[in-house]
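Number of protein chains: 2
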Amino acid sequence: MPRPRETQWHRHGRMADVQQESDDAPQQPFAPAAGAWQEIAGRLTLDAHGLVAAVAQQWDTGQVLMVAWMDPEALRRTLETGRATYWSRSRQEYWVKGDTSGHVQHVRSVRLDCDGDAVLLAVDQVGAACHTGDRTCFDADLLLDRTTDGDSA
Amino acid sequence: MPRPRETQWHRHGRMADVQQESDDAPQQPFAPAAGAWQEIAGRLTLDAHGLVAAVAQQWDTGQVLMVAWMDPEALRRTLETGRATYWSRSRQEYWVKGDTSGHVQHVRSVRLDCDGDAVLLAVDQVGAACHTGDRTCFDADLLLDRTTDGDSA
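Just so you know, the sequences run in chain order A and B.
Residue numbers for the first sequence follow this note's numbering, beginning at 1 and rising by one.
Residue numbers for the second sequence follow this note's numbering, beginning at 1 and rising by one.
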């Protein structure tokens, strides 16, 4: 089994904590220092539901797969486990992407936006991101298309 | 001046309306039929603020530029004008991207997601998308990075 690569935590663009993974602690490969997490949580700007928007993007192709929602705990779990974990607004429960479908999202990076109300996850998506079976949740409903030469993202 | 390309409106993946632009109607190159718009508006799933999330992605590179918010009217204006138009939750007003900064987003396509609570805009971004001067709103705050070979999206 290949050794996991180095995991880095950043704060305000500066590296806050570098955790070298080891064979002694394989269960929580991303676990941040408690202080680092508190600092991150304090920078989130939550909406009326207590959530931020989470955009999942296929890391290598750039394809936007889906938009879902995270409360601070869902983000913490995502960072700790390396598995994209969301808050379902309809079911009112945490939802580890792929736990029932097998369509797991392995997280490669997480970025917070400038006003703290959205995160961007670069993921490696197994199978279809959408519950409909489409690769992305944006495949089925094109509202406007000015790209007749097929070169649009 | 080159003639604008054909603009297509779709509904549930089927083309609902094809509007051929002409020199007679240059002001509203994207104006949909009223019925098509009502049908689209009816499929939006609004949050507690009456909004959907809007993800702007650079059409050719795939770079996710920003996440902002739209009420139905902001989406309608975006579709009609071809200029990304958002609702500012902090200022409580419509905001045509680039009107003050010059950093316009020319919209190439708009897609609605499977549950109607997010739209994906493929845009051509002039200059910086972020008010900080960064190209994207996700450039400054990397929370997690497992990509030490620099190949992450």
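One or more of the hints may lead you astray.
Claimed, not checked - Listed next, with one range per pair, are the computed distances between beta-carbon atoms:
id	chain 1	residue 1	chain 2	residue 2	range
1	A	100	B	96	20 to 26 Å
2	A	91	B	91	21 to 27 Å
3	A	106	B	42	18 to 24 Å
4	B	135	A	106	23 to 29 Å
5	B	39	A	35	46 to 52 Å
6	B	135	A	39	37 to 43 Å
7	B	140	A	124	32 to 38 Å
8	A	46	B	35	18 to 24 Å
9	A	34	B	101	35 to 41 Å
10	B	49	A	99	42 to 48 Å
11	B	100	A	93	30 to 36 Å
12	B	91	A	39	24 to 30 Å
13	A	101	B	91	37 to 43 Å
14	B	38	A	106	25 to 31 Å
Said to hold, decoys possible - Just so you have them, the derived chain A footprint on chain B, three or more residues with Cβ under 8 Å:
id	region
15	37-48
16	62-72
17	80-87
18	96-103
19	109-120
Said to hold, decoys possible - For the chain B half of the interface with chain A, some residues (derived, Cβ under 10 Å), not all of them:
id	residue
20	75
21	92
22	93
23	126
24	137
25	144
26	145
27	147
Think of the hints as simulated: they come from the structure by calculation, not from any bench.
Note that CB positions come from ideal geometry on N, CA and C, so glycine has one too.
- Message: Just to be sure I understand the hint, the distance between the Cβ atoms of residue 100 of chain B and residue 93 of chain A should be within 30 to 36 Å; is that true here?
- Response: For residue 100 of chain B and residue 93 of chain A the Cβ distance comes to about 42 Å; the hint is violated.
- Does the Cβ distance between residue 49 of chain B and residue 99 of chain A fall inside 42 to 48 Å? The hinted range 42 to 48 Å is violated for residue 49 of chain B and residue 99 of chain A, with Cβ atoms some 30 Å apart.
- Item | Range agreement (Cβ of residue 91 of chain B with Cβ of residue 91 of chain A, hint 21 to 27 Å) | 33 Å, violated
- Query: Does the interface hint hold: is residue 75 of chain B within less than 10 Å of chain A, judged Cβ to Cβ?
  - Reply: 8 Å, holds
- Check the following: the C-beta atoms of residue 91 of chain B and residue 39 of chain A are separated by a distance inside 24 to 30 Å. Roughly 28 Å apart at Cβ, these two residues keep to the hinted range, so it holds.
- With 18 to 24 Å as the target window, see if residue 106 of chain A and residue 42 of chain B comply at their CB atoms. Once the Cβ atoms are compared, 37 Å apart, the range 18 to 24 Å for residue 42 of chain B and residue 106 of chain A is violated.
- Message: For the restraint on residue 93 of chain B, tell me whether the closest CB of chain A is nearer than 10 Å.
- Response: 16 Å, violated
- Message: Please check whether the region 62-72 of chain B has three or more residues whose CB lies within less than 8 Å of a CB on chain A.
- Response: holds (count 5)
- Task: Examine the region 37-48 of chain B: at least three residues should have C-beta closer than 8 Å to a C-beta of chain A.
- Result: The restraint on the region 37-48 of chain B holds, since 4 of its residues have a Cβ under 8 Å from chain A and three suffice.
- How does the Cβ-Cβ distance of residue 46 of chain A and residue 35 of chain B compare with 18 to 24 Å: does it lie in that range? 38 Å, violated
- residue 140 of chain B and residue 124 of chain A, beta-carbon distance inside 32 to 38 Å? 24 Å, violated
- Claimed coverage, the region 80-87 of chain B by chain A - three or more beta carbons nearer than 8 Å: violated (count 1)
Hint violations for this structure: numbers 1, 2, 3, 6, 7, 8, 10, 11, 14, 17, 18, 21, 22 and 23, all remaining hints satisfied.
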